[in-house]
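Protein chains: 4
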Amino acid sequence: MVKVGVVGATGYAGEEVIKILVNHKDARITELQAVIDKEELFSSIFPAFKGKVDIVCKKPNPPEMAKNVDLVFLGLPHKVSMELAPVFLKAGKTVIDLSADYRLAPDVYKVWYGIDHKDKENLPKAVYGLPELYYDQIKKAKLIANPGCYPTSVILGIAPMLKEKAINIDYIIADSKSGVTGAGRKPDLALSFSEVNENLKAYKVNEHQHKPEMNKILSEVAGKTIDIIFTPHLIPMNRGILSTIYLRLNKKLDTRAALEIYKNFYKGKPFVRISDEGKLPQIRDIVGTNYCDIGLKVTGDTLIVVSCIDNLKKGAAGQAVQNMNIICGFDETEGLL
Amino acid sequence: MVKVGVVGATGYAGEEVIKILVNHKDARITELQAVIDKEELFSSIFPAFKGKVDIVCKKPNPPEMAKNVDLVFLGLPHKVSMELAPVFLKAGKTVIDLSADYRLAPDVYKVWYGIDHKDKENLPKAVYGLPELYYDQIKKAKLIANPGCYPTSVILGIAPMLKEKAINIDYIIADSKSGVTGAGRKPDLALSFSEVNENLKAYKVNEHQHKPEMNKILSEVAGKTIDIIFTPHLIPMNRGILSTIYLRLNKKLDTRAALEIYKNFYKGKPFVRISDEGKLPQIRDIVGTNYCDIGLKVTGDTLIVVSCIDNLKKGAAGQAVQNMNIICGFDETEGLL
Amino acid sequence: MVKVGVVGATGYAGEEVIKILVNHKDARITELQAVIDKEELFSSIFPAFKGKVDIVCKKPNPPEMAKNVDLVFLGLPHKVSMELAPVFLKAGKTVIDLSADYRLAPDVYKVWYGIDHKDKENLPKAVYGLPELYYDQIKKAKLIANPGCYPTSVILGIAPMLKEKAINIDYIIADSKSGVTGAGRKPDLALSFSEVNENLKAYKVNEHQHKPEMNKILSEVAGKTIDIIFTPHLIPMNRGILSTIYLRLNKKLDTRAALEIYKNFYKGKPFVRISDEGKLPQIRDIVGTNYCDIGLKVTGDTLIVVSCIDNLKKGAAGQAVQNMNIICGFDETEGLL
Amino acid sequence: MVKVGVVGATGYAGEEVIKILVNHKDARITELQAVIDKEELFSSIFPAFKGKVDIVCKKPNPPEMAKNVDLVFLGLPHKVSMELAPVFLKAGKTVIDLSADYRLAPDVYKVWYGIDHKDKENLPKAVYGLPELYYDQIKKAKLIANPGCYPTSVILGIAPMLKEKAINIDYIIADSKSGVTGAGRKPDLALSFSEVNENLKAYKVNEHQHKPEMNKILSEVAGKTIDIIFTPHLIPMNRGILSTIYLRLNKKLDTRAALEIYKNFYKGKPFVRISDEGKLPQIRDIVGTNYCDIGLKVTGDTLIVVSCIDNLKKGAAGQAVQNMNIICGFDETEGLL
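Protein chains in written order, with numbering that gives the first Met the number 0: chain A, 0 to 336; chain B, 0 to 336; chain C, 0 to 336; chain D, 0 to 336.
It is possible that some hints are incorrect.
Pairs of lysine to any residue residues, derived as SDA-like cross-links and limited to a Cα-Cα distance of at most 20 Å, are as follows [what the hints assert, rightly or not]:
hint : chain 1 : residue 1 : chain 2 : residue 2
1    : D       : K164      : D       : I260
2    : B       : K2        : B       : D36
3    : A       : K18       : C       : E333
4    : D       : K203      : A       : G299
5    : A       : K266      : C       : K49
6    : B       : K162      : B       : E219
7    : C       : K51       : A       : R283
8    : B       : K268      : D       : Y245
9    : A       : K141      : A       : E206
10   : C       : K162      : C       : K78
11   : C       : K78       : C       : A221
12   : C       : K139      : C       : D330
13   : B       : K138      : B       : F48
14   : C       : K51       : A       : P269
15   : D       : K203      : A       : D275
16   : A       : K185      : A       : D275
17   : C       : K18       : A       : K119
18   : C       : K18       : A       : G287
19   : A       : K215      : A       : N121
20   : A       : K119      : A       : V79
21   : A       : K49       : C       : T288
22   : D       : K185      : C       : D187
23   : D       : K89       : D       : L70
24   : C       : K250      : C       : A221
25   : B       : K278      : C       : K203
26   : A       : K278      : D       : H207
27   : B       : K200      : A       : D69
28   : A       : K109      : A       : E206
29   : D       : K268      : B       : F48
30   : A       : K200      : D       : Y245
31   : D       : K250      : D       : N263
32   : C       : K141      : C       : F329
33   : A       : K278      : D       : K250
34   : A       : K18       : A       : T29
Here are some chain D residues pointing at chain B (derived, C-beta under 10 Å) [to be verified]:
hint : residue
35   : A47
36   : G50
37   : I54
38   : Y245
These aren't lab readings, by the way, just hints derived from the structure by calculation. Cβ coordinates follow ideal geometry from the N, Cα and C atoms, glycine included.
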């Protein structure tokens with residue numbers, strides 16, 4: 000039984016981690032912390048947890064939390080995580096960080112986040128927590144950089160073709176559509192109901208901070224430098240990311256052959272499901288689950304990939320727990336089915 | 000041609016006033032002001048107004064605006080309006096205030112808004128801008144207290160029965176459901192998409208600040224003190240208020256007879272429409288319009304009234320322009336059909 | 000281990016029963032039937048069940064299903080259930096019927112559903128499956144009339160006050176707001192996205208077919224004939240019912256005292272939660288759960304009750320499984336937490 | 000004053016044509032027809048039109064309608080329009096057809112719609128009603144093939160670059176996102192609220208029937224055969240299409256230079272607005288208007304175009320009225336601002 004703490008317990012990702020752990024047979028939540036006005040029962044802040052998580056949510060105090068946990072989930076804004084993680088690591092605890100702070104090399108981090116990285120000691124030891132690609136490293140990790148939501152959907156949608164060397168790596172387009180929880184729980188006019196509802200927009204076109212993360216991992220997979228074109232869109236729904244990816248084939252492949260490649264690549268991976276030929280996944284198939292569903296269609300020399308995840312599950316909290324399961328030697332799917 | 004200014008031009012109500020005035024043949028917008036970071040073209044802030052409202056939106060400066068307008072709409076939070084209105088009134092300008100600042104007696108105001116009223120000089124002169132009840136006073140007004148959205152839908156739904164003395168005034172229940180724009184344009188976690196969407200809640204049950212406003216006007220209509228029960232609910236939609244009102248009849252009336260009373264009461268009122276027997280209005284019938292649609296059903300000695308308005312039109316900006324039309328001697332419906 | 004069949008497996012309620020049973024440790028789905036074009040894997044129709052429910056969904060054939068189940072859930076339209084249930088009952092199987100067919104006396108049924116009841120033999124033996132009121136009868140039942148969604152939320156919100164004889168039974172108002180899944184999965188223009196979204200309406204005002212069901216049960220609880228006023232509304236959200244109930248107190252009670260009555264009444268009932276004083280439940284607290292959350296507010300001699308359920312869980316499938324658990328002697332909450 | 004009839008008056012496009020014509024100073028609606036159960040006042044079917052369109056909506060009878068109109072809008076499903084249009088044309092009336100029936104060559108029509116074209120006499124005379132490209136032909140047309148919603152947004156987003164010969168015509172990707180009214184008003188499970196809300200999907204990937212229409216017009220503009228890649232997506236909102244288009248530049252161009260090309264191309268076109276550098280249009284900028292807003296961003300040798308329209312206005316009814324204005328010699332923008 001692993002003792003678990005969550006910092007940032009009141010954010011969407013933190014809340015979701017807690018929701019998963021409530022039903023996890025090998026983990027027990029012992030500590031919750033968040034930036035809140037007053038310390039009170041977590042179930043008082045979120046009545047849905049009444050009778051399930053009746054422990055006090057405290058204000059952030061990492062040294063205090065470190066005394067009573069084996070492993071900690073950090074559901075914090077970037078720039079904040081890298082200030083807290085070292086405290087836990089120094090105390091010998093395992094850290095699964097859901098922010099972007101440990102996903103990029105320090106120079107790239109500075110370019111995209113505008114400040115110097117504050118934990119250069121631990122940064123090189125961080126493992127990118129995408130189990131479908133980095134399972135062996137995750138097994139031994141003390142610090143997990145849990146992937147971003149967009150990168151999870153895009154990388155899983157492209158990786159098999161890169162491994163197969165079957166596509167032109169110079170022209171990869173990912174057109175992603177995300178629900179609103181992807182932006183976090185915060186007061187923000189741009190995220191208010193009346194602004195988002197009955198609206199739709201592209202934003203940060205090819206300038207989103209998740210782009211360098213995709214480039215880094217895809218380049219590792221390909222063994223060559225990749226720079227994709229990435230357009231995120233905000234959709235009036237709570238949860239889910241659907242990425243439509245356009246790849247140019249450099250081999251003759253039909254849809255069936257492409258599906259075969261994906262099925263082989265993800266054989267034995269419990270959370271990636273490949274759609275049958277002629278079918279494509281949609282958000283309702285995966286919402287509330289930790290699955291990444293992928294469908295394919297070849298037309299001429301173009302492969303169109305549709306990749307769907309729940310941004311709070313496989314795109315954040317679910318994947319974080321999947322990482323915990325691997326690190327702790329639990330069944331990879333425990334709490335996630 | 001009346002020269003019009005709008006303070007609070009970037010709020011939902013202010014924006015809606017401007018949208019209406021663009022097509023108004025007797026009014027011209029000459030000045031726009033709002034609390035903004037930098038002064039720029041209004042059409043730059045709201046691209047939808049490109050080619051239509053290409054004048055600069057300035058920071059609030061009432062004395063400056065007063066030089067160049069005949070009439071001003073104040074689309075401001077309560078407590079702010081009563082600080083600005085006197086400037087315009089002193090300069091001889093007509094003021095249509097969309098906040099709650101001029102709707103209540105000073106003692107009641109203090110109870111509900113927590114501070115002393117700051118403009119006791121003008122407060123007694125304010126006319127409640129509900130044309131279906133106060134047309135003659137509005138005609139001569141220099142200061143309009145434009146009604147709240149909930150009160151407009153509830154008062155119009157009850158007034159005919161009060162006049163008819165056909166109901167028990169001791170037990171009036173108004174169960175109102177409102178879209179989210181009713182709460183104004185502001186960063187507020189409780190109004191964020193992910194909190195409102197797929198959710199529904201009652202709030203401020205019988206404690207909403209619009210309740211004393213309803214009580215005051217309904218009491219004036221009845222000639223007796225009325226204290227209603229009022230429960231507002233927040234609905235995941237942008238616009239519209241539907242109030243379901245439960246009245247106990249003290250006379251024998253069927254639905255047809257009740258409809259007759261309402262039709263007579265609102266005869267000649269261009270913006271109230273009474274549904275045919277067997278039909279009830281819904282939000283889609285009135286959204287985007289200045290109509291208040293009212294349907295009735297008698298069951299036993301209970302009269303159920305369904306009253307629908309667009310909270311930004313008849314519940315705010317549309318009614319404000321209707322008031323302007325009456326004051327200025329324009330066709331009451333100009334710009335509103 | 001009980002062997003379970005579901006007829007109407009592709010409707011919202013049927014699908015939800017299956018979703019719950021997937022994680023139920025004492026029940027195993029052995030048969031699925033539905034009105035479908037061709038028989039295929041259930042997980043082929045609903046990809047979300049891939050790897051979880053990979054059995055074939057067949058066309059309706061009760062005698063065939065009866066051979067291989069101990070208990071059957073009927074997620075069918077009314078008028079259809081009463082034609083199929085007898086087949087299972089005759090074969091000695093337990094039937095939990097989610098339609099309205101076994102909830103009303105035959106004469107009342109005829110009035111509201113327009114046809115003679117077709118199974119007058121079994122109708123008198125049916126037990127109303129609201130465990131908070133009929134636990135002992137449910138324990139011994141072979142045929143459960145699973146409650147409607149509106150009645151569940153309304154009856155649970157009123158019953159404690161009736162038992163306490165603390166309210167005027169002649170004037171009970173229930174103003175209910177429901178998400179769209181409450182209407183079932185079917186092609187219907189009135190339920191299409193563009194008609195429901197950004198809309199809101201009252202419908203079947205005091206004429207909804209769930210009204211006689213409420214009247215029947217409330218009258219049983221009160222020991223006197225009750226005829227409530229009931230207005231349902233359609234809300235643009237997928238799931239959830241919030242009922243705002245207005246009761247006139249005939250005793251002096253404040254909110255705290257009223258809460259005490261409700262807490263006592265529901266003591267030991269695992270799926271009813273009473274909100275703390277000053278708080279009211281909202282849909283997001285209960286969506287996806289089998290809870291009925293109830294909050295209270297006394298104002299003068301009026302008690303306002305807010306009662307929330309997930310219409311597909313406590314309002315249909317969850318309650319159905321709760322009934323199965325009681326009948327089969329399982330933990331009442333198995334599969335439902 | 001032109002006398003206008005609408006066949007298919009109760010569909011979304013027909014209703015929208017009527018809504019526009021109500022405020023049109025040079026047109027008068029004289030006849031309405033639709034497939035309905037009983038003939039009644041249009042304002043009885045749609046209460047929002049009370050006092051505005053109080054004429055009877057009749058069942059389809061083209062010869063009867065032809066007697067009393069100068070021009071007719073056909074808001075009908077494809078395959079139906081081509082049966083009715085000849086009646087009006089023979090009677091010397093002008094026809095603006097909003098279906099797909101007159102947009103394709105007969106052989107292509109057969110491939111995509113599965114049947115032989117039934118009006119090969121008039122088909123060659125039909126003019127594609129996209130005024131920004133075919134203004135001079137529209138002026139003289141008797142039969143307008145009003146463009147589809149997706150094609151309008153995509154073609155307007157690509158045409159300037161084709162004219163400029165600045166892009167690689169072999170690899171054009173259009174990723175379009177549409178609101179639900181685009182699918183028409185009809186009972187259809189796939190369009191029901193509970194299926195569409197909180198969901199998102201790609202559909203008919205590169206197989207949508209609007210693709211040959213885009214290919215035909217884009218090929219005419221380019222003077223060469225073009226075959227684009229087109230993925231439509233269904234978004235949980237009522238109205239609006241946003242197309243994100245990916246073009247490969249074959250010349251060195253930055254965003255500013257690209258914007259210059261678009262501004263020149265659309266100079267004098269009242270309904271196309273080009274966003275300033277650094278800004279991109281969103282649905283809320285154009286919803287309810289006849290504008291097509293286009294924004295651009297160059298990154299490397301890729302030009303990303305974001306093109307937004309209201310699918311019922313510029314994508315259907317608005318454009319249809321724009322065509323009527325041009326044909327009749329009215330101001331092109333009459334009724335549309």
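Here is what the structure says about each hint:
1. Annotation: proposed proximity of D:K164 to D:I260 holds, straight-line Cα distance about 11 Å (limit 20 Å).
2. Pair hint B:K2 plus B:D36 does not hold up; C-alpha atoms about 26 Å apart against a cutoff of 20 Å.
3. Taking the CA atoms of A:K18 and C:E333, the gap is about 18 Å. The hint holds against a cut of 20 Å.
4. Restraint check for D:K203 and A:G299: the C-alpha separation of about 16 Å stays at or below 20 Å, so the hint holds.
5. With a C-alpha separation of about 15 Å, the suggested pair A:K266 and C:K49 falls inside the 20 Å cut-off, and the hint holds.
6. Between the alpha carbons of B:K162 and B:E219 the distance comes to roughly 10 Å, so the proposed pair stays at or under 20 Å and holds.
7. Taking the CA atoms of C:K51 and A:R283, the gap is near 16 Å; set against the 20 Å cutoff, the hint holds.
8. For the hint pairing B:K268 with D:Y245, the CA-to-CA distance comes to about 54 Å; that exceeds 20 Å, so the pair is violated.
9. With a C-alpha separation of about 31 Å, the suggested pair A:K141 and A:E206 falls outside the 20 Å cut-off, and the hint is violated.
10. Our distance criterion of 20 Å between C-alpha atoms is broken by C:K162 and C:K78, whose separation comes to about 33 Å.
11. At roughly 29 Å between alpha-carbon atoms, C:K78 and C:A221 are farther apart than 20 Å, so this suggested pair is violated.
12. The straight-line distance between the Cα atoms of C:K139 and C:D330 is roughly 16 Å, inside the 20 Å bound, and the hint therefore holds.
13. Simply put, B:K138 and B:F48 have alpha-carbon atoms about 31 Å apart, too far for the 20 Å limit, and the pair is violated.
14. A distance of roughly 12 Å separates the Cα atoms of C:K51 and A:P269; the hinted pair therefore holds under the 20 Å criterion.
15. With a C-alpha separation of about 15 Å, the suggested pairing of D:K203 with A:D275 holds against the 20 Å cut-off.
16. The suggested pairing of A:K185 with A:D275 is violated, with an alpha-carbon distance near 39 Å, which exceeds 20 Å.
17. In summary, the hint linking C:K18 to A:K119 is not supported, as the alpha carbons are separated by about 46 Å, beyond the 20 Å threshold.
18. Simply put, C:K18 and A:G287 have alpha-carbon atoms about 12 Å apart, close enough for the 20 Å limit, and the pair holds.
19. Of the pairs offered as hints, the one joining A:K215 and A:N121 holds, with about 18 Å between alpha carbons and a cut-off of 20 Å not exceeded.
20. Taken as a hint, the A:K119 and A:V79 pair is honoured in the structure, with Cα atoms around 14 Å apart against an allowance of 20 Å.
21. Restraint check for A:K49 and C:T288: satisfied, since their Cα atoms lie roughly 12 Å apart, inside the 20 Å limit.
22. Simply put, D:K185 and C:D187 have alpha-carbon atoms about 8 Å apart, close enough for the 20 Å limit, and the pair holds.
23. Proximity of D:K89 to D:L70 is assessed by CA-CA distance (about 12 Å); at most 20 Å being required, the pair is judged to hold.
24. Of the supplied pair hints, the one linking C:K250 and C:A221 holds, its CA atoms being roughly 16 Å apart against a limit of 20 Å.
25. The straight-line distance between the Cα atoms of B:K278 and C:K203 is roughly 10 Å, inside the 20 Å bound, and the hint therefore holds.
26. Of the pairs offered as hints, the one joining A:K278 and D:H207 holds, with about 15 Å between alpha carbons and a cut-off of 20 Å not exceeded.
27. With a C-alpha separation of about 39 Å, the suggested pair B:K200 and A:D69 falls outside the 20 Å cut-off, and the hint is violated.
28. Note on A:K109 and A:E206: the hinted pairing holds, with a Cα-Cα distance of about 14 Å set against a maximum of 20 Å.
29. For the hint pairing D:K268 with B:F48, the CA-to-CA distance comes to about 17 Å; that is within 20 Å, so the pair holds.
30. About 16 Å separates the Cα atoms of A:K200 and D:Y245, which keeps this hinted pair within 20 Å; it holds.
31. For the given pair, D:K250 sits about 18 Å from D:N263 by alpha-carbon distance, which is consistent with the 20 Å threshold.
32. Between the alpha carbons of C:K141 and C:F329 the distance comes to roughly 16 Å, so the proposed pair stays at or under 20 Å and holds.
33. Restraint check for A:K278 and D:K250: not satisfied, since their Cα atoms lie roughly 38 Å apart, outside the 20 Å limit.
34. At most 20 Å may separate the alpha-carbon atoms for a hinted pair to count; A:K18 and A:T29 meet this at roughly 14 Å.
35. A distance limit of 10 Å between C-beta atoms decides the matter here; for D:A47 the minimum to chain B is near 5 Å, and the interface restraint holds.
36. The beta carbon of D:G50 is positioned within 10 Å of a beta carbon in chain B (closest approach about 8 Å), and the interface hint is therefore held.
37. The interface hint given for D:I54 is broken, as the beta carbon of that residue sits about 17 Å from the closest beta carbon of chain B, more than 10 Å.
38. Because the closest C-beta pair between D:Y245 and chain B is about 23 Å apart, greater than 10 Å, the hint is violated.
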